[in-house]
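Visitor: Same order as they appear, the protein sequences are chains F, Y, G, R and U.
Its first residue numbered 1, the first sequence is counted upward by one per residue in the numbering used here.
Its first residue numbered 229, the second sequence is counted upward by one per residue in the numbering used here.
Its first residue numbered 457, the third sequence is counted upward by one per residue in the numbering used here.
Its first residue numbered 812, the fourth sequence is counted upward by one per residue in the numbering used here.
Its first residue numbered 1167, the fifth sequence is counted upward by one per residue in the numbering used here.
In case anyone wonders, no lab produced these hints; they're calculated from the structure.
Mixed in with the good hints, there may be bad ones.
The calculated EDC-like cross-link candidates involving lysine to aspartate or glutamate, where the alpha carbons are at most 20 Å apart (straight line), are [stated by the list, open to error]: (1) 1128/R / 1049/R; (2) 557/G / 322/Y; (3) 1305/U / 364/Y; (4) 978/R / 662/G; (5) 1335/U / 1269/U; (6) 466/G / 1113/R; (7) 912/R / 860/R; (8) 1363/U / 82/F; (9) 623/G / 1113/R; (10) 861/R / 662/G.
If we take Cβ atoms under 8 Å as the criterion, some of the chain Y residues that face chain U in the derived model are [claimed, not checked]: (11) 260; (12) 361; (13) 363; (14) 367; (15) 437.
Backbone N, C-alpha and C define an ideal beta-carbon position, used for all residues, glycine too.
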Amino acid sequence: MLELSPADWQAIEVTLRLCFYTTLILLIIATPIAWWLSSGQSAARVAVQAIVALPLVLPPTVLGFYMLIVLGPRGVIGGTLESFGLHHLAFTFEGILIASVLYSMPFAVQPLAEAFGNLGRRPVEVASSLGAGLIDRFITVILPLTKGGFVVAATLTFAHTLGEFGVILMLGGSIPGETRVLSVLIYDHAEAMNYESAHRLSLMLLIFAFFTLFVVYSLTRRFKVAKI
Amino acid sequence: MLELSPADWQAIEVTLRLCFYTTLILLIIATPIAWWLSSGQSAARVAVQAIVALPLVLPPTVLGFYMLIVLGPRGVIGGTLESFGLHHLAFTFEGILIASVLYSMPFAVQPLAEAFGNLGRRPVEVASSLGAGLIDRFITVILPLTKGGFVVAATLTFAHTLGEFGVILMLGGSIPGETRVLSVLIYDHAEAMNYESAHRLSLMLLIFAFFTLFVVYSLTRRFKVAKI
Amino acid sequence: MTLAIKARLKRSDFELDVDIELPLNGVTSLFGRSGCGKTTLLRIMAGLEKVRDAEVRFGNQIWQHGRHFVPLHQRQIGIVFQEHSLLPHLSVRGNLLYGYKRTPESLRRLHLGEVTDMLGITGLLDRPTDRLSGGQRQRVSVGRALLASPQLLLLDEPLSALDTQNKREIMPFLSRLTAESGVPIVMVTHSPDEVERLADRVVFMEDGRITSHESLQKTLTRPDSPLFADEGAVCVLEGSVQPGPNDGLTRFGNEHIQFLIQTGLAPQGKPMRLRIHSNDVAIARYPVEEVSVMNQLPVTIEQIVAFRPGRVLVAGKLRDGQTLTAEITEHSCRKLGLENGQHVHALIKSVALLE
Amino acid sequence: MTLAIKARLKRSDFELDVDIELPLNGVTSLFGRSGCGKTTLLRIMAGLEKVRDAEVRFGNQIWQHGRHFVPLHQRQIGIVFQEHSLLPHLSVRGNLLYGYKRTPESLRRLHLGEVTDMLGITGLLDRPTDRLSGGQRQRVSVGRALLASPQLLLLDEPLSALDTQNKREIMPFLSRLTAESGVPIVMVTHSPDEVERLADRVVFMEDGRITSHESLQKTLTRPDSPLFADEGAVCVLEGSVQPGPNDGLTRFGNEHIQFLIQTGLAPQGKPMRLRIHSNDVAIARYPVEEVSVMNQLPVTIEQIVAFRPGRVLVAGKLRDGQTLTAEITEHSCRKLGLENGQHVHALIKSVALLE
Amino acid sequence: DKFTIAAASDLRFALDDILEVYRHDHPEHEIAVVYGSSGKMTTQIMNGAPYDLFFSADISFPQRLKAEGFTATDPAIYAIGRIVIWSNTLDASELTLGELPTEPHIRRIAIAQPSHAPYGLRAQEALRATGAWEAVQPKLVFGENIAHTAQMVESGAADVGIIALSLAKFPDMARHPHHLIDEKLHNPLTQGYIVTKRGDNKPPVADFAHYMETDAAHQIMERYGFVMPE
Ligand SMILES: Nc1ncnc2c1ncn2[C@@H]1O[C@H](COP(=O)(O)OP(=O)(O)OP(=O)(O)O)[C@@H](O)[C@H]1O
Ligand SMILES: Nc1ncnc2c1ncn2[C@@H]1O[C@H](COP(=O)(O)OP(=O)(O)OP(=O)(O)O)[C@@H](O)[C@H]1O
Ligand code: MOO
Ligand SMILES: [Mg+2]
Ligand SMILES: [Mg+2]
């Protein structure tokens, strides 16, 4: 039942690669942004928070459309790249990766900012008094105490990217091995009335997802930090 | 510049209605689920948490495809409805609403569960000792203390629904005034090379979104609960 | 009418096993070393610690028995938690009134103004709770519990972050509260001073068990009372302020014994207690002249027990039958040749009138 | 070498204005009523309260001056916060070792075993911090700060949740620590007892201002010291344990004055301090016979000041020039006809040897 | 050698069959196909999509690409398409366009999005020509492209659809009868293709373009109901 075609495997590989890189990049980018957002009350912060959240309210097709315009051969970025003899980014893996990062930004930033905001200043003060510098504090105190926020941010980002369809349809097309991700492929299978493939792929995805999530949640629960 | 066609306005109206109801329904459903999830460590909870998170990992096209099958005239739900003389739910507003609720479930449940989990038992104990019953406690203590989580849950849900494309493409059928939401409309405009309409609509959406978010975040910041 | 608790609880390194009945009046002090289970016991009373098969009865209300369980919000218990527990989303006023608003008007015994004045927090009412000092927070917690007009107060070291002056204002208020409205108080404290001033009875805990449960009177005179691991023995004499001389002094006692104490400490006629540290009592074979010690009372030695190394506690019966104890060195005891039945004079350097 | 702080800070209802230099040795006690700014002052020393234009200097290290600011983690300050501050994601051991691990091996003065033994928390090392009692948590905080081997210790009511016995074990340890390794300690406390036992000097605060800053000696003998709003005056005499009689007693003092104290309290020859509550001292015109009071010393009255209503403080010079104060009633003073220059006898009922 | 074909969705089954044969004959060529609506493909090509060949459902799209300079060849007609009424639940052969608005069993009628799918546009024209367009409005649902439209009907969610004949002839769908719509009711579906700039000077691309004009290819196309150009 679970014999997938090479095209299916290729799509799975592209999808996982996309989700993995997006999540990785976003956690790195979102952490300082979220920290800054949660560490004050200024109007600038509110504005940045709203800007960061914009991809939330833009339909993915809009985002994809404008990314296509910007990253494509005639766009600001794509055009510049072309003028340096490089390839523009529309319909490339790098292109959909950039779009994914933008698209999922709020899903990483918001839970992190919320987690940082709930942290309070005491743990950081304690760690400082015990000689821990900025990075040390971050790794040994902030990170473990906001782990829940990171798990939420990472799972939501990963998932939101996995479920990305509109953006990729616009910007990525459906180039096998490059931009044909699972969501596009399954759509394609359904459209081709290739129901058996669609079912097979979906079922596999479902089982895989359930076990992954089960393991992730078991682990994070096990190490849950208790509060009074 | 911002003169939109009646079709555009109609799509905006459908979109906002969909987002509003989805958010409302989800906050009501997600709150007890999140509370239960965050109030223990059992394997059952982990399993439910993983199940609730499943829509995260399903590409929207998969979800839309199966929802179409289930809600359509030959599906379990649609078929049952038909046998009672009712209309099946494929290509209806109710249909995409149900799908949206399922689709955005984790985006409401996860931040709430995280917020509840961070609450600690002390505030509830204090409120109980001061005579507050279950619902009273929820409204006067838990809700204000987890407000951040609710804001994150609500904005992510609203946004995720606004950005819904794959599910609605599969299940909605692009019926004006019923299931043609903004993301689908802008996609149509763009594919028809109707760029001016697409730009207009996107720009309006962007401005509207920015101001809404700015106001929401200003308000929630103002009332932020301080932690030590 | 008693508060009866019967519970067993096992934790990795700790086992609690209590079976106790406390009278439903006055102040019961829970005294014991850090980690002995005081907080846990209070939490069981409140129904916050889930313990199977525990029995908790408050007067004729059954709070916990078998599967019957009254949740905390129906028990009308005011709690001051050991650690900072203000609701962070409410202002000081919001915290103070949280329970007050939920108390039927007819049951409200205290009102905002009087409580905040007594606690010295009237100026803080509109502050958010994160802008308070440690002691201010603690006072707000106390005020909040009081304003809920509960039928039982559980106080877990409620005065630990307060300065002496604050304590001196709050303690009489609590005494009066329990005396006038009959609300029983169970209070955890590490301060013998607080026990002496407030408690009517003391429950001593050790390692999860109750080692003794006795009246303050008894505790104060018992030479080996854990209360005085540090301070030494104390005895408490009962009497009232009598019409006395002038000169800044007042008489205290009864028809048989008389102390000179400072004027103005208490209204005349009201029964009061005098606390005397045994350490402040010296024994003389004969009355001593030309000395600044004002109070010299004849006593008959009843008992001489070894106390701390090198010291003995001499218990002497006063003329009215009350017992006064003096802590003196073995050396002096031997030198003076003290023995049971001997008539001697107790020289009392200082006394404290307990409210 | 001093710790110098100069800062002004304005809050809605509160203004702090301090300019103080503290010697970098021994224990400095910060004493003042709840809300007077003690915690705020400690936070300024630590660099945790952002105050513009503040100046903080530690010996020859400039910690804050103009735009120059050394962050807390480079200041090597051990802090015990007023409220529960354990890192919740670490076990007790993890908390204790957090600072220890970050201290270069050569600077480590204390090690896990000795600290946990002293604090009585050795059995708790593997516990998560939410499974501790209030006092256990406080002890872990103290241990954590000590194990970081800081160059300055800021302790904000570090013993408030502890029982007397625990305090008695921890206080000498702190004294020894500062004496042996020279780490200065700034400690907030509301307990006069802790001040007397630990402090070398006391800083009194009131409403954000420092009202006085003096040696413990001075504070103890000053009749109006805020320390004794409650306890009354105390004086401290210096001397050392002398070869003495037997019989469970030892001589303490110097060539001119001699007290009899209990044997075994201190090693012979080491300079020590004797604390005497003025309340425990009586005055007699002539030596008193046949009384259990062992210590009677001749003194010359230097000063008689009104103290509390109805009471006077009589300061008498001992033969070695040290001052002993007796708190007696005005009544007795008048009756005995005490006046300056008079030779009388001080009867000292009890003394305490300070570690 | 690798190349990518963008094709209108009405070619989904026909082109797959042709490619199967072609791949068998030319195993050295690695060919990827992407299906979608003609409008979408055109937009993508204008924005740099890596397609070498584009088979549109309507020649107007290749013409537009030519005009804007994205093509290496002139648009060439490769087939004429037809539209049909098809249903999974009803006997579509009995249905006419005029009955669609009134037939009580028909609650949902699927057509492709006229704005970017030529098959949708032709369906609209045909409905207009029969005067049923206004009346049929409340029943219409729109597919993103013609294959999506067919899938909507196939799943039963829409009761009937106006789809490409080429899709209705796909064996799985051919089990149900269809009603061929009179070609006079709409403009002809003149299907044209071009080689893009990207596909220029790639021998395999030119080779496959030629193959489409061979009898072997024509036979398959005709099997799917396409009319071959003269
Ligand atoms: N974050 C804050 N914002 C505004 N005012 C504050 C803040 N923290 C404390 N205060 C006020 O500043 C004053 C000094 O507070 P501080 O915490 O220094 O007092 P403290 O001397 O430590 O008192 P305590 O003995 O009760 O702990 C208090 O009146 C308090 O109400
Ligand atoms: N949640 C918990 N899980 C396991 N053990 C606990 C928990 N809370 C407390 N303990 C342990 O139970 C014992 C009793 O704790 P409790 O808090 O009742 O002590 P306490 O008498 O209030 O002490 P303190 O005076 O220090 O507050 C202690 O040994 C403590 O370590
Ligand atoms: O271009 Mo199409 O084949 O009508 O969707
Ligand atoms: Mg406790
Ligand atoms: Mg403080």
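Visitor: Look at each hint and say if it fits the structure.
Guide: Against the structure, the hints come out as follows:
no. : hint            : verdict
1   : 1128/R / 1049/R : holds (14 Å)
2   : 557/G / 322/Y   : violated (43 Å)
3   : 1305/U / 364/Y  : violated (49 Å)
4   : 978/R / 662/G   : holds (17 Å)
5   : 1335/U / 1269/U : violated (25 Å)
6   : 466/G / 1113/R  : violated (64 Å)
7   : 912/R / 860/R   : violated (26 Å)
8   : 1363/U / 82/F   : holds (16 Å)
9   : 623/G / 1113/R  : violated (35 Å)
10  : 861/R / 662/G   : violated (45 Å)
11  : 260             : violated (33 Å)
12  : 361             : violated (48 Å)
13  : 363             : violated (42 Å)
14  : 367             : violated (42 Å)
15  : 437             : violated (24 Å)
Hints 2, 3, 5, 6, 7, 9, 10, 11, 12, 13, 14, 15 from the list above are not met by this structure, while the remaining hints are.
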